[in-house]
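If you read the protein sequences in the order shown, they are chains U and D.
So the mapping is simple: this note's numbering equals the position in the first sequence, first residue as 1, plus 629.
So the mapping is simple: this note's numbering equals the position in the second sequence, first residue as 1, plus 629.
Take the hints with a grain of salt, since some may be wrong.
If several chains are the same, the list does not tell them apart, and a pair holds so long as it fits within one copy or across any two.
As the list claims (entries may be wrong) - Straight-line C-alpha distance at most 20 Å; calculated EDC-like pairs for lysine to aspartate or glutamate: (1) 656 <-> 719; (2) 768 <-> 736; (3) 656 <-> 762; (4) 656 <-> 695.
Hint data in this document are derived by calculation from the structure and do not stem from the laboratory.
Protein chains: 2
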Amino acid sequence: MRRAIALSLRNARGTGGGPFGAVVVHKGRVIGSGSNRVTTGCDPTAHAEIVAIRAACRRLRSFSLDGATIYSSCEPCPMCLAAILWARIDRLVFANTRADAARIGFDDAWFYRQVALPPGRRDLPTRRLLRGEAQQAFKAWAANPRKVAY
Amino acid sequence: MRRAIALSLRNARGTGGGPFGAVVVHKGRVIGSGSNRVTTGCDPTAHAEIVAIRAACRRLRSFSLDGATIYSSCEPCPMCLAAILWARIDRLVFANTRADAARIGFDDAWFYRQVALPPGRRDLPTRRLLRGEAQQAFKAWAANPRKVAY
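Can you make the complete structure from the sequences, with help from the hints?
Okay, structure coming up:
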């Protein structure tokens, strides 16, 4: 956790991006780490946890981080939490909270409330279209013997 | 939307990844598109929407997609929905639903339920550690005159 906090401090004091850092540990070794690169990388998905997960997956050459622990300097936002779940990470440890992040101007807590709403009740205008046509892909996937599940 | 569905079908019939496609449109032009590359790219964050958002941001050289619409062949999972919010995309249009995805074996609906729970009540073991030390980064960020908000 101290390594994740050090990454967050370096960003907070410079011009590197938001004040967040994360480290992925697997079998007692650090296999990936990252700091926020949203503004410097022109990538709104480049949160510290996402950067660390992608680095760890490259290292293991795997889309699964089963058995790993992620240390994040702040409670993950819904994007990063779901990424942790998709990566099949075993355990999450965090330091600052979503309320702490809200106090310095970040939207994590608000996004948690939005994500919990049904699509039609969010601030984001949302509609459904062409479900019948899109079902073809799901049927083709279900019938595809070469598919790789994840 | 038909372009997003075509991307999802190509994956569903081949070995390219999950049966999902997404397209970002800005000022009447397609500025980014993507299909799922989780298994082929060894990247659990490489959902179609994330791939499309990253491509669109590279195209605009911006971390904001303010004014854009995203078309996704399936309702975005919580990771992708929060990425859409962080990217400041204006509108979401989707075809298949999270329930459709659940029927062919994807965890989106379950992850929506997990994300809505307080950290201590999720299936993912979670704990807090060293918040006092991590607060230093948030204080440094708040005091940093060179920071770029997002």
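Structure-based check of each hint:
| no. | hint | result |
| --- | --- | --- |
| 1 | 656 <-> 719 | within (12 Å within a copy, 42 Å between copies) |
| 2 | 768 <-> 736 | between (37 Å within a copy, 17 Å between copies) |
| 3 | 656 <-> 762 | neither (45 Å within a copy, 26 Å between copies) |
| 4 | 656 <-> 695 | within (11 Å within a copy, 42 Å between copies) |
Hint violations for this structure: number 3 only, all remaining hints satisfied.
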